[in-house]
Structure formats: structure tokens, C-alpha cells
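Work out the full structure, taking the sequences as your base and the hints as a guide.
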Amino acid sequence: MPPSKAEPATVKNVDLLPIPTVQQKVTASAMQGLGQFSYDVRMGATGLIVGVQAIMNGRAPIKTRMVVPLDPWTQLSFYYHPGLGRIQLYDSDSLGGLNNAPEYYVGRVVVTDSEALVYLRGRIKDIPGFKNIIVKDEQNSGSAFTTYSSKVKHFIEANIARQEQLSHIDLHKQISYLEGQVDVLTKIIIQSGIVRNPEQLELLKEADRFSLCENLDAKALRKKMQYKKFVRGIDKLC
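Quick note, this note's numbering runs 291 ahead of the 1-based positions in the sequence shown.
One thing to keep in mind: the hints can contain errors.
So the derived label-pair ranges between C-beta atoms look like this [as the list claims (entries may be wrong)]:
| id | residue 1 | residue 2 | range |
| --- | --- | --- | --- |
| 1 | 491 | 329 | 52 to 62 Å |
| 2 | 494 | 393 | 31 to 41 Å |
| 3 | 455 | 404 | 19 to 29 Å |
| 4 | 480 | 450 | 19 to 29 Å |
| 5 | 337 | 416 | 22 to 32 Å |
| 6 | 492 | 375 | 40 to 50 Å |
| 7 | 483 | 335 | 43 to 53 Å |
| 8 | 431 | 513 | 38 to 48 Å |
| 9 | 344 | 461 | 52 to 62 Å |
| 10 | 450 | 427 | 15 to 25 Å |
| 11 | 480 | 331 | 47 to 57 Å |
| 12 | 404 | 499 | 44 to 54 Å |
| 13 | 499 | 324 | 46 to 56 Å |
As a list, the in silico DSS-like pairs of lysine-lysine whose alpha-carbon atoms are at most 27 Å apart [as the list claims (entries may be wrong)]:
| id | residue 1 | residue 2 |
| --- | --- | --- |
| 14 | 354 | 464 |
| 15 | 354 | 416 |
| 16 | 444 | 427 |
| 17 | 510 | 464 |
For the record, the hints were derived by calculation from the structure and aren't laboratory data.
Source: prediction; values computed, not measured.
Where is the CB? At the ideal position from N, CA and C, for every residue including glycine.
Structure representation (C-alpha cells):
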């Protein structure tokens with residue numbers, strides 16, 4: 292059912308999809324990762340307030356409260372960060388994605404322009420104030436989302452395709468081309484004479500001495516800069 296009036300105007304529905312995990316017949320001392328989840332979820336003025344309690348490695352309790360923004364056309368993942376001792380939000384659309392151990396996975400939220408689906412790990416009770424949906428043991432967050440909402444299905448599929456394209460980008464090459472552009476700008480500034488401060492001018496000249504493009508002609512540089520256009524086209528930032 293629709294949440295309280297505190298929700299963002301662009302989001303009409305927030306649905307919770309608890310994840311039922313298969314119970315493992317192991318002792319608490321042998322358990323690895325997070326387990327025994329409980330949640331406190333409510334709408335706030337700036338997003339979804341999610342309180343998480345769990346047991347780490349069968350013995351260490353953890354407790355975290357976070358505000359999850361419900362910005363349209365976004366998807367976030369929740370992971371426990373052992374080094375920080377708390378659960379962090381990660382942008383699932385970021386370049387390179389997130390490589391994290393599945394035992395630290397807590398949940399995920401996908402937001403379109405009209406709904407928000409929240410996927411929570413663990414066998415948990417229904418959370419009042421939201422439409423609770425039971426997910427089968429064999430389902431993961433992606434399949435649950437796409438089964439429940441066709442709009443979310445298309446959104447996730449588009450992001451998967453984008454991530455596949457981005458995975459072919461050579462970050463080292465991209466950085467070197469950006470450095471090449473900075474080198475050209477440095478040369479232009481030095482030759483223009485607009486910098487009158489001797490110390491600043493000496494710093495620019497020092498940077499120019501380590502230029503990647505010292506022996507690169509303009510035609511070759513223009514060809515290299517086409518890679519920047521290629522990356523921006525895939526990333527769809529411009």
C-alpha cells in the first residue's frame with residue numbers, strides 16, 4: 292500500500308521484498324558472514340529509513356541505521372563493511388561496479404519514476420506500512436525485481452547492458468588521454484603569457500617537462516581524444 296505523505300513526490304509505491312534464506316544446520320561458532328536479521332523500516336522526509344540488526348559470524352551483533360534516498364531511476368546495494376563495522380550504501384550503477392563478498396550482502400533498492408522496490412535479506416516478519424512480498428528461496432534480488440515489475444525489469448536490463456559496455460573500457464588508457472588533454476592546456480597557458488606570478492609559472496613549466504604529449508603532434512592527439520568521446524557515449528553523461 293502507498294506509504295506516508297513523507298515520501299518524495301515522484302515515488303508512489305514502496306514495496307518490500309524480504310529474502311527467505313535457506314536455514315543452514317551449522318553451529319553458531321561455525322557460521323560465517325551475517326545472519327539472524329531484523330529490520331525497522333519507515334518513511335522519512337529525505338528517504339527510506341532502514342534500521343538493520345544482525346549477527347556477524349554467529350556471535351558478534353551489529354546494528355546500523357541509514358537513510359536510503361529514493362531518487363528516481365537509481366539502484367543501491369547495502370553491504371556490511373567489516374573494516375568500518377557498519378553497513379554501507381553503494382551505487383550499483385557506478386563504473387566498475389562493486390565486488391563484495393555475498394556473505395556481507397544485506398539488501399538492495401531499485402527506484403523508478405513511480406515505485407521503489409526494496410529487497411531485504413533474511414527470514415523476517417512483515418513490516419507494517421508497506422506491501423510485503425515473499426520471495427522464493429531460489430530467487431535472487433534481480434529475478435525478484437524483474438518478476439514483480441516490468442518497469443524495473445527494463446531498467447535493470449538496461450543497466451546490465453550499460454555495465455557490459457563499460458567493462459570494455461580501458462581505464463588506464465582513459466586516464467592517460469585525460470592527462471594528455473591537461474598537458475595540452477598547460478602548454479597553451481604557458482605560451483599565452485597570462486600567468487605572471489613567477490612561482491606559478493615555474494610550477495606549470497615543471498609540469499610541462501613531464502608532459503605525456505611532448506612529442507605528440509596535433510593530428511595524433513586528436514585521434515587519441517576520440518576515446519574520450521567513446522567513453523562519454525557509453526556512460527551517457529553527456
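Hints versus structure:
1. Separation of residue 491 from residue 329 is about 58 Å and conforms to the stated range, judged on CB atoms against 52 to 62 Å.
2. The hinted window of 31 to 41 Å between residue 494 and residue 393 is violated, with their beta carbons roughly 48 Å apart.
3. Range check, residue 455 to residue 404: Cβ separation about 24 Å, and the 19 to 29 Å hint holds.
4. A beta carbon spacing of about 40 Å between residue 480 and residue 450 contradicts the range 19 to 29 Å that was offered as a hint.
5. Checked against the given bound of 22 to 32 Å, the beta carbons of residue 337 and residue 416, roughly 26 Å apart, stay inside it.
6. In this structure, residue 492 and residue 375 meet the distance hint of 40 to 50 Å, their C-beta atoms being roughly 44 Å apart.
7. Range check, residue 483 to residue 335: about 52 Å between beta-carbon atoms, so the 43 to 53 Å window is met.
8. A C-beta distance of roughly 46 Å is found between residue 431 and residue 513, which places it inside the suggested range of 38 to 48 Å.
9. For the pair residue 344 and residue 461, the supplied restraint of 52 to 62 Å is violated, since their beta-carbon distance comes to about 43 Å.
10. Against the hinted window of 15 to 25 Å, the Cβ-Cβ separation of residue 450 and residue 427 comes to about 23 Å, which satisfies the hint.
11. Our hint of 47 to 57 Å for residue 480 and residue 331 holds, since their Cβ atoms are close to 55 Å apart.
12. The supplied range of 44 to 54 Å is met by residue 404 and residue 499, whose beta-carbon atoms lie about 48 Å from each other.
13. A hinted range of 46 to 56 Å for the beta carbons of residue 499 and residue 324 is consistent with their spacing of about 52 Å.
14. For the given pair, residue 354 sits about 42 Å from residue 464 by alpha-carbon distance, which is inconsistent with the 27 Å threshold.
15. For the hint linking residue 354 to residue 416, the alpha-carbon distance of about 18 Å falls within 27 Å, and the restraint holds.
16. Proposed proximity of residue 444 and residue 427 is supported: the alpha carbons are some 18 Å apart, at most 27 Å.
17. Distance check on the hinted pair: residue 510 and residue 464 sit about 18 Å apart at the alpha-carbon level, within 27 Å; holds.
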